[in-house]
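In order, the protein sequence lines correspond to chains A and B.
Start counting the first sequence at 1; every next residue gets the next number (the working numbering).
Start counting the second sequence at 1; every next residue gets the next number (the working numbering).
It is possible that some hints are incorrect.
Just the calculated beta-carbon pair ranges, DEER-fashion [to be verified]: (1) A/MET1 with B/PHE75: 43 to 49 Å; (2) A/GLU278 with B/MET166: 51 to 57 Å; (3) B/SER52 with A/PRO5: 38 to 44 Å.
No lab work stands behind these hints: they were computed from the structure.
Glycine included, each C-beta is placed from N, C-alpha and C at the ideal position.
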Amino acid sequence: MLWEPKFESMERDELEQLQLEKLQATLNRVYMNVPFYHKRFDELGIDIDSIGSIDDIRKLPFTTKDDLRQNYPYGLFAVPLREVVRIHASSGTTGLSTVVGYTKNDIRNWSNLIARILTAGGITKDDVVQISFNYGLFTGGFGHHYGAERIGASVIPISSGNTNRQIKIMQDFRTTALICTPSYAMLIADTIREMGMNINSLCLKYGLFGGEPWSEAMRNDIQDKLKIVATDNYGLSEVMGPGVAGECLERNGLHINEDHFIVEVINPHTLEPLPLGEIGELVITTLTKEAFPVIRFRTRDLTKLTLERCSCGRKFMKMSRVMGRTDDMLIIKGVNVFPSQIEHVLINIENVSPHYQIIVKREGAIDAMEIQVEMSENIFSDEMKVLERLNKHIEQKIKEVLGISCRVKLVEPKSLQRSEGKAKRVVDLRKI
Amino acid sequence: MLKIKNLESGYGRSKALKKITMHVGRGEIVTIIGANGAGKTTLLNTISGLISAWSGEVIFDNQNSIGIAPEKMIFMGCALVPEGRQVFAAMTVKENLILGACVKYIKDKKYNSQKDIERIYEILPILKDRQNQLAGTLSGGEQQMLAIARAMMSNPKFIMMDEPSMGLAPLIVRDIFNIIKRLREEGTTILLVEQNAKMALGIADRGYVIETGRIIIQGLSDELLTNKDVQRAYLGRDLDSEIKI
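Pulled out of the complex, with its shape left as it was, chain A reads as follows:
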C-alpha cells in the first residue's frame, strides 16, 4: 500500500520538474529571508538565478552542523517566530544544541511524510501503535505520533524507558506495531526473553526502527525474537526529523521522499559528488520546509544511493541503511574504509559472527590492517586446514570489497570485548 501513490510512484521526469520548481522557490525564499544564506551566497558570488537544473545544486555551498550552532537559536529560521508552531532541538551533548522550527504547513507535511513511511512499513489505520521514542525536544516521539494519527492508527504515546511497563502495556493494550530505536527494540526483546514470557502472547506484527545505525544481523535478530517484520527508517532533526526516508516491506533500502528532499552523496574529503552506488556522505536539501529550510546540509551519515526499480511500486530513489558516520571512516593506504563494509562482508560468511575489531598499525611507513573476527559458536572444527581456508576466504572477500589487503585473525567466540553502548570496532595504533 502507498499513502500518496500520486507522488510516491511519480515518473522520474515529472519528479525532476517538481524538484526544480521547489528548489528554485526555496532558494528565492532563503536568499530573501535568511541573512545567513544571503550573505554566504553573496560572498561566494553565487547568483541564485543561475540554478537551472537539479545538478546545478552543486554550485551551492554546503551547510554544516557548525553553521547551525553559530546561528543558535533562531538565526536560520526563514519565517518570523510568530509563524512557528513547534520548536525541536538536538540534545546538544557535543556542544550547543541545534534548534529547528516548524510552521503549520511544515507539521502537516511532516505528518504526511511519516504517514508514508509507516504505510510502507506495513502500518494501517487498524494498528495499535506503541511509540517508544522519547517525547520531547527530540523529534522521534512527536514526529511519529502525528504521522500515526494521520493514518488513523490507535497511538500509544508511551515514550521511552521503563521497559517492564512497556512490555505490560504491549501485552494489555494489544500493541501491533512498535516504533523506537533498534537498540531499544533489542532490549525489549531480551527483557521479554528474560521474563520468560511467551512471545506469542503479544500481538506485535510490525516494528519501525530508526534514529541510529543498525545492521542486517541485528534486524534478523529482532525479527526472530519479536516475531515481527522490522523496517528501517531515516531522518535527522536538522532536516526535519524522521520522515526523510523509510523502507518498504521488501526491506532492501530506504525510499527517500524525493518530492520533499534532494539528496546527494559526496566524498567527505574532496566534497565531490559521487555517482549512484558509491558510498559517501549523505547531503540533503529541503524543498518544502517553510520555517527551517536547509541547503545542502552535510549529514555526516554514510550511505549509497540506488535508482533500481522496487517491486513495491514506489519510484523514489533508495538509500542503503546508514553504514556509519563520516567520523568513523578510516583512511588506510589512502583508501577510505568504513567498519560497516567489513561488517557487511562478515555477515555474508558462514561460521563467523559479525563481532570484529579492526586494528590499524604502521609497519615502517606502510599502513597495515588486521581484523580480528570471532568465530561463531557452531563451528566445531578445530582442524587447522579448515580454519586456514576460512581465514583466506575472509581476507579475499574483504580485498574484493575494499581493494586493499588485510590480515585476518580468527579468535574464539565471545573473546572480543562487548560494550554497553556503541561497540569499539576500531583500534588505530598509528601515530599520525
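Keeping the supplied structure of chain A fixed, place chain B upon it in accordance with the hints.
Structure of chain B alone, referenced to chain A:
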C-alpha cells in the same frame, strides 16, 4: 499539459521573468498569484507567444512551443483570455464569438459556428439575450463572460485567464468563477492569473506565488491558504494587528 523550465523574458533590457519553472497537469486548475508588476501577465503573454522568450523551455502538450506564433498556439489548443477582456467593442456579441472560432474556419472551409455558439448560449444564457448588441455596450461582467466565451469557441484544451475578476462586483466574480469550474469539469485545463488570491486558491488545485519575476512559493492551494506570507501579502489579513494584545 504545460511544462515550463527556466523561462526568462522581459521588455527591452529589463528582465521581467527570472528562471520561472512550473507546470500545469492535464485537468488541473493552477493559479498564479502576485502583486501588480510581479510578472504574471508577462508570463501568460510569453507562454502564448505574444512576447518572445529570452531563454528557457516551454513545452505545451509535449511540443516545444518557444518561438511559435500566438495564432499557431491557438491551433495547438492553447487559448488566452486577456487582461481587461479586450472584446471587439464595435462588433456584436455574436460576431465576437464567430471571430473566436476563426481557427476552425481556417482548418475546415465548411465549418459552421452555429452549433458551438448554441453551446455557449446554453452555458451563458446572458450572451444569447445580448447576441445582437455591440460588445462595447455590455457591462464589465458580461464583457468578461464574452471574453471567456470567445476563447472557448476555438475548443481549446488549455485556457489561460488573466485576471478575470478585475474590476467586477463580487456577485459577478462568483459567476465568473463558476464558469471556470464548469470549464474544468468539462475537461479543460486552466491556468488562472489572479490578484483575488482567496477566490483563485478556492477553486485551484495548486498555486504559485510570483514576486518580482521569481516564484517564491509553490504548493497545493490549501498550503498556500495557510501560508502566512500569502495571507499577509495577498489575502489581506493583517497579522500585525492580530497579535497585539
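Quick check: does the Cβ-Cβ distance between B/SER52 and A/PRO5 fall within 38 to 44 Å? Hint holds: Cβ distance 40 Å, inside 38 to 44 Å.
43 to 49 Å was suggested as the range; check whether the CB atoms of A/MET1 and B/PHE75 agree with it. At roughly 44 Å between Cβ atoms, B/PHE75 and A/MET1 fall inside 43 to 49 Å, so the hint holds.
Given the hint of 51 to 57 Å, check if A/GLU278 and B/MET166 actually sit that far apart at their C-beta atoms. 55 Å, holds
The structure is consistent with each of the numbered hints, conforming to all of them.
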